[in-house]
Amino acid sequence: RKEVEQDPGPFNVPEGATVAFNCTYSNSASQSFFWYRQDCRKEPKLLMSVYSSGNEDGRFTAQLNRASQYISLLIRDSKLSDSATYLCVVIKSGGYQKVTFGTGTKLQVIP
Amino acid sequence: DTGVSQDPRHKITKRGQNVTFRCDPISEHNRLYWYRQTLGQGPEFLTYFQNEAQLEKSRLLSDRFSAERPKGSFSTLEIQRTEQGDSAMYLCASSLRSDSSYEQYFGPGTRLTVT
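If you're matching them up, the sequences are chains A and H in order. With the working numbering applied, the first sequence covers 1 to 111. With the working numbering applied, the second sequence covers 1001 to 1115.
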């Protein structure tokens, strides 16, 4: 089993739709979680951190479910500009860091 | 703009040659990371530094790869005797170690093509 797994997609959704992605992780000792956005042939850009209590930033909501070992990203009212690949990141600390990215979920918002 | 910078942005080299990439992190960031990314995959961790100390190195990193951060500021990644399988985007990221955040900020990457 991969340490961090994401559905690669693509998710094709119409403008204005709500879409959700999940990311599962295998190491229960993981402590920090993030969502990044990556446009084609560009570097990943931090979208948001994922806190135990959940985190909302405008149209984006991230949640953590430690019991089931997954994080989620919800995008409401999708815009064409949301089209990108969304990467989840799981970090285990304590001693040295172990940083693991998922393979990413591709989102295509259609007019 | 005081973000992470990388040089060169593109590098084409022949198999067997050595290449070196440079990364300049955000100035107050004490952690620096190197990743490799190939098409359709997420960034793959290679190594990271806290100040000048290299704290972790991926088992995937062969002996042909070496990284340094001599003064705790910029870092270099060298690949010796390049192979076609080394063709990838090499990404650098930096973060500020704190108790509350490990947010990493990426540079634009160096795209390596080995012919």
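Just so you know, these hints were derived from the structure itself, not from any lab. Among these hints, one or two may not hold up.
What the hints assert, rightly or not - From chain H, some residues computed to sit far from chain A (all C-beta separations above 12 Å): (1) Glu1044; (2) Glu1103; (3) Tyr1105; (4) Gly1109.
To be verified - Per label pair, the in silico range of CB-to-CB distance: (5) H/Arg1097 <-> A/Ser53: 20 to 28 Å; (6) A/Arg76 <-> H/Leu1096: 47 to 55 Å; (7) A/Gly16 <-> H/Thr1038: 29 to 37 Å.
We put the CB at the ideal spot given by N, CA and C, even for glycine.
Evaluation of the provided hints:
1. Glu1044: It is violated; H/Glu1044 is separated from chain A by about 7 Å at its closest Cβ, not greater than 12 Å.
2. Glu1103: violated, 6 Å
3. Tyr1105: Its Cβ does come within 12 Å of chain A, the nearest being 7 Å, so this is violated.
4. Gly1109: violated, 5 Å
5. H/Arg1097 <-> A/Ser53: 20 to 28 Å: holds, 23 Å
6. A/Arg76 <-> H/Leu1096: 47 to 55 Å: violated, 31 Å
7. A/Gly16 <-> H/Thr1038: 29 to 37 Å: Given a distance of about 34 Å, which is inside 29 to 37 Å, the answer is holds.
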